[in-house]
Each structure stands twice: as C-alpha cells, then as structure tokens.
Amino acid sequence: MGGRILFFVVRNLVVGFSKLVWRVSMDGLEHLPKTGAYVLSPVHRSNIDSLVVTALSRRRLRAMGKHTLWKRRLPGAFLTALGGFPVERGSADREALRKCVDAVRGGEPLLVFPEGTRQSGPKLQPLFEGAAYVASRTGVPIVPVGIGGSEAAMPKGSKLIRPVKVHLEVGPPIRVEGSESGGRAPRRAVHEATQKLADELQRLFDIAQKKAEAGS
Numbered sequence: 001m002g003g004r005i006l007f008f009v010v011r012n013l014v015v016g017f018s019k020l021v022w023r024v025s026m027d028g029l030e031h032l033p034k035t036g037a038y039v040l041s042p043v044h045r046s047n048i049d050s051l052v053v054t055a056l057s058r059r060r061l062r063a064m065g066k067h068t069l070w071k072r073r074l075p076g077a078f079l080t081a082l083g084g085f086p087v088e089r090g091s092a093d094r095e096a097l098r099k100c101v102d103a104v105r106g107g108e109p110l111l112v113f114p115e116g117t118r119q120s121g122p123k124l125q126p127l128f129e130g131a132a133y134v135a136s137r138t139g140v141p142i143v144p145v146g147i148g149g150s151e152a153a154m155p156k157g158s159k160l161i162r163p164v165k166v167h168l169e170v171g172p173p174i175r176v177e178g179s180e181s182g183g184r185a186p187r188r189a190v191h192e193a194t195q196k197l198a199d200e201l202q203r204l205f206d207i208a209q210k211k212a213e214a215g216s
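Numbering (the working numbering), first residue to last: 1 to 216.
No wet-lab data here; the hints were simulated from the structure.
The structure presented is a predicted model; accordingly, all values stated were derived computationally and were not measured.
Hints are not guaranteed to be accurate.
DSSO-like cross-link-like pairs, simulated, lysine-lysine; straight-line CA separation at most 30 Å [claimed, not checked]:
#1 Lys159 <-> Lys210
#2 Lys210 <-> Lys71
#3 Lys71 <-> Lys34
#4 Lys196 <-> Lys99
#5 Lys165 <-> Lys34
#6 Lys99 <-> Lys165
#7 Lys210 <-> Lys34
#8 Lys71 <-> Lys196
#9 Lys99 <-> Lys156
#10 Lys159 <-> Lys196
#11 Lys66 <-> Lys19
#12 Lys19 <-> Lys34
#13 Lys165 <-> Lys210
#14 Lys99 <-> Lys71
#15 Lys66 <-> Lys156
#16 Lys123 <-> Lys19
#17 Lys159 <-> Lys34
#18 Lys19 <-> Lys165
#19 Lys196 <-> Lys156
#20 Lys99 <-> Lys210
#21 Lys34 <-> Lys66
#22 Lys165 <-> Lys196
#23 Lys123 <-> Lys156
#24 Lys123 <-> Lys71
#25 Lys34 <-> Lys196
#26 Lys159 <-> Lys66
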C-alpha cells in the first residue's frame, strides 16, 4: 500500500511539473489499453521523455535504467516509485530483455525506447528489436508514441531545461504476428513488427512535432 501511495505522489508531482513547464498535451489516448500489460514505445530525443510519458496514464510504467542511478538512496527511491528497475551497464542484452519480459509478465506496462539511446533530429533512427521481442515473448501489444518538442526542451548534452511546448501523439497498438499465445514469435515476425513500428513512429513523430510547434 505504501508503495502505491508513493507512486501516486511522485507521479502527480512529475505530471504537474511537466504540464506547468512544458504545457504537455496529448492525443490518441484511446489507443492505450486500460487493463493488462503492453510495451509503450516512444521516440527518444531528450532526458525529459521518460518524465512526460507518465502523463499518458495513471498506471505505473516499468522501465529499466542504469544501475548506477540507484547508488544514491533518494534518486533510487524516486525511480523505483515510478516503476524503474536497475540493469547493470555492460550486462548481456538477453539479461536486460529477460528483466523486461518479467516486468511485463507482472501485468504492468513497460516503457522501451526502441531507438535505444537519445537521438537528435526529425528523422527516426534505426530501431532495435527489443520492443518487438518482448511483445513476442509475452503476447502483449506495442503502443507507439511520437513526442514533439522534447529535444528543444532539453537537447542531448544539455543540463538545463527550456519551457517549450511538448506534445504526445499515441498511435494504434501493434501486434507481433503469432505472439498472441505468449510464445516467442518467429524472427521474421519480430523483424516485420519492428519495421511497422518504425513507420508508425515516424508518422506520429511528424504529427507531434507539428502540434508542438503550433502550440509554441
């Protein structure tokens, strides 16, 4: 019970700050499953991305982070309250993916940035197949999200934030063919789902950027 209360307190603080500073707006919320797990897959242009996406749902999002972020008690408690779990830097990809699969099987949504690290510019970078892999192992859908304005709010390498408009555009869920039973789908299906995710993310990113610019 205490953990749930802490999550709502921290989440409300983060969402309130995001809406105040970045005037976060959202479209496509009807595409988010109200129950059950799913893999939330946004574009990644800024450190604030993991904060602003918490505004999409009152449900907790699980997300992996570098284990060094948990070295200090207060930041670690903050990340854990929001749903984060540590992964050792340099650990095998399969170990990180196993933890992601376990998190999804716990019934909560999982946040995965399919571009991997933060990128720059209006064009989507080649995606890793981790989101589709987790979806194929668990039978859950992938929900793509375009984030517009976050790079201007806090670009890669910056330690300061700017009060610019940020918009989130949620797209229809994507299923990995053959994964509905929860068994691992063929590699071909994972690859095709990743390509479909890339196409949809670019479309949503373009829309989100335009809406963010219009609201600035």
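Hints, one by one, checked against the model:
1. Lys159 <-> Lys210: 25 Å, holds
2. Lys210 <-> Lys71: 39 Å, violated
3. Lys71 <-> Lys34: Distance of about 34 Å is beyond 30 Å: violated.
4. Lys196 <-> Lys99: 24 Å, holds
5. Lys165 <-> Lys34: 27 Å, holds
6. Lys99 <-> Lys165: 34 Å, violated
7. Lys210 <-> Lys34: 28 Å, holds
8. Lys71 <-> Lys196: With Cα atoms ~38 Å apart, Lys71 and Lys196 exceed 30 Å; violated.
9. Lys99 <-> Lys156: 27 Å, holds
10. Lys159 <-> Lys196: Distance of about 34 Å is beyond 30 Å: violated.
11. Lys66 <-> Lys19: 27 Å, holds
12. Lys19 <-> Lys34: With Cα atoms ~22 Å apart, Lys19 and Lys34 stay inside 30 Å; holds.
13. Lys165 <-> Lys210: 11 Å, holds
14. Lys99 <-> Lys71: 19 Å, holds
15. Lys66 <-> Lys156: 17 Å, holds
16. Lys123 <-> Lys19: 26 Å, holds
17. Lys159 <-> Lys34: 35 Å, violated
18. Lys19 <-> Lys165: 9 Å, holds
19. Lys196 <-> Lys156: 27 Å, holds
20. Lys99 <-> Lys210: 36 Å, violated
21. Lys34 <-> Lys66: Holds, at roughly 29 Å.
22. Lys165 <-> Lys196: With a Cα-Cα distance of about 28 Å, the restraint between Lys165 and Lys196 holds, given a limit of 30 Å.
23. Lys123 <-> Lys156: 15 Å, holds
24. Lys123 <-> Lys71: Status violated; Cα separation ~35 Å.
25. Lys34 <-> Lys196: 23 Å, holds
26. Lys159 <-> Lys66: Distance ~18 Å between Lys159 and Lys66 Cα, so the pair holds.
The earlier numbered hints that this structure contradicts are 2, 3, 6, 8, 10, 17, 20, 24.
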